[in-house]
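Trainee: Sequence:
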Amino acid sequence: MAADVKSIAALEDWKVHLVNFRTDGLESITALHLEVQKALSWLEDTEAYWKRMVRQTEEELVEAKAELARREMPDFSGKTPDTTLHKKAVQKCKAKLEYCHDQIDLCRSWRTKLPRMVGEEFEGPARRFTNFIETELARGITVLDKQISALESYANMGQVPAAAPAAKPEGT
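Take 1 as the starting number for the sequence shown in the working numbering and just add one per residue.
Incorrect hints may have been included.
The calculated EDC-like cross-link candidates involving lysine to aspartate or glutamate, where the alpha carbons are at most 16 Å apart (straight line), are [claimed, not checked]:
#, residue 1, residue 2
1, K88, E72
2, K113, E63
3, K87, E72
4, K94, E59
5, K96, E58
6, K92, E67
7, K51, E98
8, K87, E120
9, K94, E136
10, K94, E63
11, K88, D102
12, K65, D82
13, K87, D102
14, K146, E35
15, K51, E134
16, K92, E136
17, K15, D105
18, K96, E44
19, K88, D45
20, K113, E98
21, K15, E152
22, K51, E12
23, K94, E60
24, K146, E59
25, K92, E60
26, K15, D145
27, K87, E63
28, K92, D45
29, K92, E121
30, K113, E72
31, K96, E60
32, K6, E152
33, K94, E67
34, K88, E123
Ranges of calculated distance between the beta carbons of each label pair, as one might list FRET restraints [said to hold, decoys possible]:
#, residue 1, residue 2, range
35, R108, K88, 25 to 35 Å
36, T46, I8, 16 to 26 Å
37, E44, S153, 24 to 34 Å
38, Y49, G119, 25 to 35 Å
39, F129, K92, 30 to 40 Å
40, K94, T23, 13 to 23 Å
Source of the hints: derived by calculation from the structure; they are not laboratory data.
The beta carbon of each residue, even a glycine, is placed where N, CA and C say it ideally should be.
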């Protein structure tokens, strides 16, 4: 099978594009790994945030219960003041506390799910792609480079070197 190469420059251009693809591919895989790490860090930070919110909400609940207890005491006339707002404040704190605990549970769940999902859905294909880029594509670029050099040598064999300019005879 004979090669019908019309332009060595086109092969060189193709090689440049392959090298750029290789570089872009490796950079993309690195960027994806960083994004996965950022997501895991975000989950850890978010869980820490909700733990702080639990402590803060527990303090608010203690204060709301104490205020409710003070309000439930009869005043000097023996009447018990209306405590509806304070009871609602206690319920609101309890609901907020439950929500904070739910968020912590959700963060913990995702901290176990995400690495497993990344391993199943991303790591395998990323490893294969990286292997392809680092070995097969690199080898292909090397072979292409050698072929371009061989073609250039072959093309230069057919060219006759330009004759040196003839020396001018003396006296002319």
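Trainee: Can you name, in rising order, the numbers of the hints this structure does not satisfy?
Mentor: 2, 8, 9, 11, 13, 14, 15, 16, 17, 18, 19, 20, 22, 24, 28, 29, 30, 34, 36, 37, 39 and 40
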